[in-house]
Amino acid sequence: MLSVRGLDVYYGGIHALRGLSLDVSEGEIVTLIGSNGAGKSTTLKTLSGLVRPSAGSITFRGAEIIAERPHRIVARGMSHVPEGRRVFANLTVAENLDLGAYQRRDRAGIREDLARTYHIFPRLEERRSQRAGTLSGGEQQMLAIGRALMSRPRLLLLDEPSLGLAPRVVSSIFTIIREINQAGTTVLLVEQNAHLALEIAHRGYVIETGEIVLTDTGPKLLGNAQVKRAYLGEAA
Amino acid sequence: MSDQTQTAGGAQPPSSPLPGNWFDIQARSYAEWMFWVHLLILQPPGFVVGLLFVVRCATPEGKAVGTRLLKFSLVGPGVAILIGAALRFVSTQPYLSFILVRVGIWVILATSLNLINGITGQFSLGHMGFAAVGGYTAASITVLLGPRLGVDPANPGPADPLVFFAALVCGGVAASVAGVLVGLPTLRLRGDYLAIATLGFGEIVRVALLNIPALGGAAGFKGIPSFTTLSWATLWAVAAVLVVRNIRFSRHGRALLAVREDEVAAEAMGVDTVRYKVRAFTIGAFFAGVAGGLLGHYITILVPKEFGFLNSIEVVVMVVLGGMGSITGSVLAAAGLTYLSEALRAVGDVRMILYSLLLILLMLTRPQGLLGQIELGRDSVRRLRALLGKWRRGRAPAKEETPG
Numbered sequence: 001m002l003s004v005r006g007l008d009v010y011y012g013g014i015h016a017l018r019g020l021s022l023d024v025s026e027g028e029i030v031t032l033i034g035s036n037g038a039g040k041s042t043t044l045k046t047l048s049g050l051v052r053p054s055a056g057s058i059t060f061r062g063a064e065i066i067a068e069r070p071h072r073i074v075a076r077g078m079s080h081v082p083e084g085r086r087v088f089a090n091l092t093v094a095e096n097l098d099l100g101a102y103q104r105r106d107r108a109g110i111r112e113d114l115a116r117t118y119h120i121f122p123r124l125e126e127r128r129s130q131r132a133g134t135l136s137g138g139e140q141q142m143l144a145i146g147r148a149l150m151s152r153p154r155l156l157l158l159d160e161p162s163l164g165l166a167p168r169v170v171s172s173i174f175t176i177i178r179e180i181n182q183a184g185t186t187v188l189l190v191e192q193n194a195h196l197a198l199e200i201a202h203r204g205y206v207i208e209t210g211e212i213v214l215t216d217t218g219p220k221l222l223g224n225a226q227v228k229r230a231y232l233g234e235a236a
Numbered sequence: 001m002s003d004q005t006q007t008a009g010g011a012q013p014p015s016s017p018l019p020g021n022w023f024d025i026q027a028r029s030y031a032e033w034m035f036w037v038h039l040l041i042l043q044p045p046g047f048v049v050g051l052l053f054v055v056r057c058a059t060p061e062g063k064a065v066g067t068r069l070l071k072f073s074l075v076g077p078g079v080a081i082l083i084g085a086a087l088r089f090v091s092t093q094p095y096l097s098f099i100l101v102r103v104g105i106w107v108i109l110a111t112s113l114n115l116i117n118g119i120t121g122q123f124s125l126g127h128m129g130f131a132a133v134g135g136y137t138a139a140s141i142t143v144l145l146g147p148r149l150g151v152d153p154a155n156p157g158p159a160d161p162l163v164f165f166a167a168l169v170c171g172g173v174a175a176s177v178a179g180v181l182v183g184l185p186t187l188r189l190r191g192d193y194l195a196i197a198t199l200g201f202g203e204i205v206r207v208a209l210l211n212i213p214a215l216g217g218a219a220g221f222k223g224i225p226s227f228t229t230l231s232w233a234t235l236w237a238v239a240a241v242l243v244v245r246n247i248r249f250s251r252h253g254r255a256l257l258a259v260r261e262d263e264v265a266a267e268a269m270g271v272d273t274v275r276y277k278v279r280a281f282t283i284g285a286f287f288a289g290v291a292g293g294l295l296g297h298y299i300t301i302l303v304p305k306e307f308g309f310l311n312s313i314e315v316v317v318m319v320v321l322g323g324m325g326s327i328t329g330s331v332l333a334a335a336g337l338t339y340l341s342e343a344l345r346a347v348g349d350v351r352m353i354l355y356s357l358l359l360i361l362l363m364l365t366r367p368q369g370l371l372g373q374i375e376l377g378r379d380s381v382r383r384l385r386a387l388l389g390k391w392r393r394g395r396a397p398a399k400e401e402t403p404g
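Taken in sequence, the protein lines are chains A and B. Sequential numbering of the first sequence, starting at 1, is according to my numbering. Sequential numbering of the second sequence, starting at 1, is according to my numbering.
Treat the hints as calculated values from the structure; they're not laboratory data. Nothing here was measured: the structure is a model prediction, and the numbers come from that model. Even for Gly, the Cβ is constructed at its ideal location relative to N, Cα and C. Just so you know, not all the hints are guaranteed correct.
Claimed, not checked - Output of the computed footprint for chain A on chain B, the stretches with three or more beta carbons under 8 Å from beta carbons of chain A:
#	stretch
1	247-255
2	259-270
As the list claims (entries may be wrong) - Facing chain B, a subset of chain A residues (Cβ under 7 Å, in silico):
#	residue
3	Phe88
4	Asn90
5	Leu99
6	Gln103
As the list claims (entries may be wrong) - Residues of chain A placed beyond 12 Å of chain B at every Cβ, according to the derived structure:
#	residue
7	Pro70
8	Leu157
9	Ile173
10	Ile200
11	Glu211
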C-alpha cells in the first residue's frame, strides 16, 4: 500500500531523515518507534506532504506522491492525526468532525461515517456541540482520530496518540486503534511508548537519528534485547 | 411609456426620460413594493397554507413547516412596513442620513476585514490600502471616463447610476488584484510578520498616491461627482454582510475557520490553505475597494491621508470590538463607533483617547469582543430561551438530579 524509499529530509542544515525506507501493506498496523528527535514525526509529516523531502520516493496505492501538496494526498486516502492532537479549539466537536470530511461531497456517506465515529467514540456524541478546546486531553485525542476517520482514509497516520494522557485513557485509545484497524483501515503508528505500540502492531521499525536501524514483527521486536534495553526500560 | 411614444414622433425628447436619481427613487419604491407584495401576494396564501399544515399535519415536521409559514406571513409585512417607514423618515433627515452613509461605508470595511482578520485569522493592517486602490480607481473612472459615458457632474443624468455602479465594481476588482498581489508573497508570513507586511502595503499605497500628480497628490483628487446616497451605501453594506455571512456558514467558511484555528491541522484535513488565504484577501479587498469608491463619491474628494494606517487600525478596532469572526459583531461595532466618532467630533482628537480607553476597558472585561463568536439572528432567541430555562432550573431546588 505504502512504500517509502531513500527519503532524505533537511531542516535547514540539520539532516533529519537519512535515506529512510519503509513499507506498509494493506490491513497492517505498522509502528515506528524511537526516541525524541529520531525523526518519527518528520517521517509522518513528509508522508502527508506537510514537510518537503529533498530526495527519495513515496509510492502510495500505486502512485508517486512525493511532490504533492497535502490536500491532494488526503484526497488519495491518507489521513494524518498530527502530534499534540491539534483540534480546532474554538469550533465545536461536530464542526471539527465536519472538517475531517471537508473534501467529501457524498452527504449520505458522511452521515454514515459520522454515525460510525460517534459509535466508536460515544463521548464525542455526548459533547458534540461543545467547543473542542474544553474537552479533556483524552477526548481531544479521540476527536483528532475521529476527525481523521471522517475522510474515510485507507491509511491512517497516527502521531503519538498517547502523548500526555493518563495510562487508562491510553490503553482505551490503543484498543480503539486496534478496532479501527480490524474494521479495515491500515495504520501507521508513531509512538514513544514502544511497549504499547509493539503490542498491537503487526510489524515495527526502530528509527535512530533519521535512519531505520531495525525491523521485525511486533512480538519479535518486543522480545529483542536491543529494543528492550533502549526503549522498553528493561534490563536485557 | 405613453408620453414617450407621443414625443417619439419628434427628433429627440427634450429632456431625459429618467431623472438622475432614479436609483434612489427605485430603491425607495422597492421597499414600498415589497410591502404590497408581502401583504397581498405572499401573506394570504402563506397564512392559509401554514394554518392548513398546522391543523392537518400529524407529524411534528409538518407542524413545524406550518408554524414557520405562519410566522413568515405575519412578520413579513411588518418588516416591510418598518423598512419603508424608516427609509421615508431618514430621507427627510439630512444629518441622520449623513451618519448612516458613513455607517454603511464602515460596515462594509469592517465586515470585509472580518473575513480576512476574524474568520481566516490573517492579521491585516493594510485594509485602507485596498480602500484607497478601489476609491481612486472608481473616481478615475467617473471623472476621467465619465464625461464620455454621459456623466456631467453639474447635471444629473440617467447614465449616472450605471456608470457609478460600474466604477464601484471596477474599484473593487482593482482592490482585489491588489489583494492577490499582497496575498501571494505574504502567504508565508504569520501573525506579527503578516501585520507588518500589510502595514507596509497600506503605507506604500498612501505614499504612492501622494506622489502621483495626476491623481491630485497631497491636495487630493477633486471634482468627484457626488453619487453616493444612503440607498447605495445600504445596498453595498447589505451585499457585503450577506456575502461574508454566506461564506462563513458554508463549507468554505468552515475551511477558513480551520485555517484560523490551526493551519497545520487544516492542511492535514485536506484544506488547501494557500488558496483559501488568497480567496479571503481577494474577497475582503473587493469590498474594501467598493467602500473606498463609495467614500470618494460621497465626500467628492479623495485625500491620501484618509487612507493612512490610523484608519486601517480603526477598522481593526471595529473587528476586534465586535468579536473576531462575528459578522453581527462587526456590523454593530462599525455602526456604534462611527456614530461615536461623529458624536465626539466636537472634542476633536481627544476621541482617539476615548477610543483607546474603550478598547482597553473592553479587552480587560471581555477579551473575546462584544459578541465573541456569537451571531445575532434567529438562533439567538432560541439560545436566550435556553439560557433562561437553565437559570430557572438552577434556582429551583435540585431534586430531579439523580446519580448515574
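Comparing the hints with the structure gives:
1. 247-255: holds (count 3)
2. 259-270: Satisfied; 9 residues make the cut.
3. Phe88: Status holds, d = 4 Å.
4. Asn90: With a closest approach of 6 Å, the A:Asn90 hint holds.
5. Leu99: Since chain B brings a Cβ to about 5 Å from A:Leu99, closer than 7 Å, the hint holds.
6. Gln103: The hint holds - A:Gln103 has a Cβ within 7 Å of chain B, the shortest such distance being about 4 Å.
7. Pro70: With a cut-off of 12 Å, A:Pro70 comes too close to chain B, as the shortest Cβ separation is near 5 Å.
8. Leu157: A:Leu157 is in fact no farther than 12 Å from some Cβ atom of chain B, at 9 Å.
9. Ile173: holds, 18 Å
10. Ile200: holds, 23 Å
11. Glu211: holds, 25 Å
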